[in-house]
Amino acid sequence: MSQDHQLNIKTFNFNSFRENCYVLWDGRGNCVFVDPGCYWPEEFAKLKELVKTERLTPKAIWLTHGHFDHVHGVLRIVQEYSVPVLMSPEDKMLLDNNPAAVREFGLVAHDSSEIKTVDIRDGEVLDTLEGSPFRVITTPGHTPGGVCYYDETDKVLLTGDTLFAGAIGRSDLIGGDYDHLIISIMDKLMGLPGDVDVLPGHGRKTTIADERTHNPFLQPFNEPEEDLDWDGEGIEIEGEK
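Per numbering that gives the first Met the number 0, residue 0 is the first one in the sequence shown, and the count goes up by one each step.
It is worth saying that the hints were derived from the structure and are not from the lab. Ideal placement from N, C-alpha and C gives every residue a C-beta, glycine not left out. Take these hints with a grain of salt, some might be off.
Have a look at the derived ranges for each label pair, beta carbon to beta carbon [said to hold, decoys possible]:
hint : residue 1 : residue 2 : range
1    : Asp178    : Phe16     : 39 to 47 Å
2    : Phe104    : His4      : 36 to 44 Å
3    : Arg27     : Arg169    : 36 to 44 Å
4    : Glu123    : Ser81     : 17 to 25 Å
5    : Met92     : Arg17     : 24 to 32 Å
6    : Val107    : Lys47     : 28 to 36 Å
7    : His213    : Arg27     : 36 to 44 Å
8    : Ser15     : Asp209    : 25 to 33 Å
9    : Asp110    : Trp39     : 17 to 25 Å
10   : Ser170    : Thr10     : 21 to 29 Å
11   : Asp209    : Lys115    : 35 to 43 Å
12   : Asp194    : Gln78     : 35 to 43 Å
13   : Lys47     : Arg27     : 16 to 24 Å
14   : Gly190    : Arg102    : 35 to 43 Å
Within a straight-line C-alpha distance of at most 25 Å, the following computed DSS-like cross-link-like pairs (lysine-lysine) qualify [said to hold, decoys possible]:
hint : residue 1 : residue 2
15   : Lys187    : Lys204
16   : Lys58     : Lys91
17   : Lys154    : Lys204
18   : Lys154    : Lys58
19   : Lys45     : Lys115
20   : Lys115    : Lys47
The task is simple: from the sequences and hints, build the whole structure.
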């Protein structure tokens, strides 16, 4: 593997919701921040220290969705490093609503009008990191504009709050839809190779194979992987067209 093709991943656990923020960087030091939920100044300081210690060059922020626990640190990072913020346009309304949403928890949010976002679409390939192209997979359900980021080369899937180890994301929040969430997971994620590492927005990492076999919310896949009788074709839930 060349120096350019060297994917490094550092996980941070931020804010009172124990949100997973991931910093990814390549062999040249180009880095992206995925869901920077750093709320407290000392949390943001940890990101700055990593950038300094590893001599990284911040290139972008990638958001899996717009909930406030995943975006607390976006404005700080933009002000510090002048990087673009990539997210689905369908979740922009959640970003705009965050100041009101966080007040219910006694927290303070930055004015999202200062955050200029770049729209991303299903199937778009992000080549920010040398040798590690990440494909955008739209996975609505937890939120209308939820996305995952998939690196086929390194077998890494960043799922935000769509899929967890042994669980799936909530669908009872504003814009959530249970049927859409299940379709997103089964149609778009469960067909990926079993040895793909799943890096979720909360909790420990897992693999596609483990979730096929053990996730209680994915009953059709709860059998040994070698016995899995599924041709990868899309499913339909009653009422869906």
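Quick rundown of the hints versus the structure:
no.: 1; hint: Asp178 with Phe16: 39 to 47 Å; verdict: violated (25 Å)
no.: 2; hint: Phe104 with His4: 36 to 44 Å; verdict: holds (41 Å)
no.: 3; hint: Arg27 with Arg169: 36 to 44 Å; verdict: holds (38 Å)
no.: 4; hint: Glu123 with Ser81: 17 to 25 Å; verdict: holds (22 Å)
no.: 5; hint: Met92 with Arg17: 24 to 32 Å; verdict: holds (25 Å)
no.: 6; hint: Val107 with Lys47: 28 to 36 Å; verdict: violated (20 Å)
no.: 7; hint: His213 with Arg27: 36 to 44 Å; verdict: holds (38 Å)
no.: 8; hint: Ser15 with Asp209: 25 to 33 Å; verdict: holds (28 Å)
no.: 9; hint: Asp110 with Trp39: 17 to 25 Å; verdict: holds (19 Å)
no.: 10; hint: Ser170 with Thr10: 21 to 29 Å; verdict: holds (25 Å)
no.: 11; hint: Asp209 with Lys115: 35 to 43 Å; verdict: holds (38 Å)
no.: 12; hint: Asp194 with Gln78: 35 to 43 Å; verdict: holds (39 Å)
no.: 13; hint: Lys47 with Arg27: 16 to 24 Å; verdict: holds (20 Å)
no.: 14; hint: Gly190 with Arg102: 35 to 43 Å; verdict: holds (41 Å)
no.: 15; hint: Lys187 with Lys204; verdict: holds (19 Å)
no.: 16; hint: Lys58 with Lys91; verdict: holds (21 Å)
no.: 17; hint: Lys154 with Lys204; verdict: holds (13 Å)
no.: 18; hint: Lys154 with Lys58; verdict: holds (22 Å)
no.: 19; hint: Lys45 with Lys115; verdict: holds (24 Å)
no.: 20; hint: Lys115 with Lys47; verdict: holds (21 Å)
Hints 1, 6, counting from the list given before, are not met by this structure.
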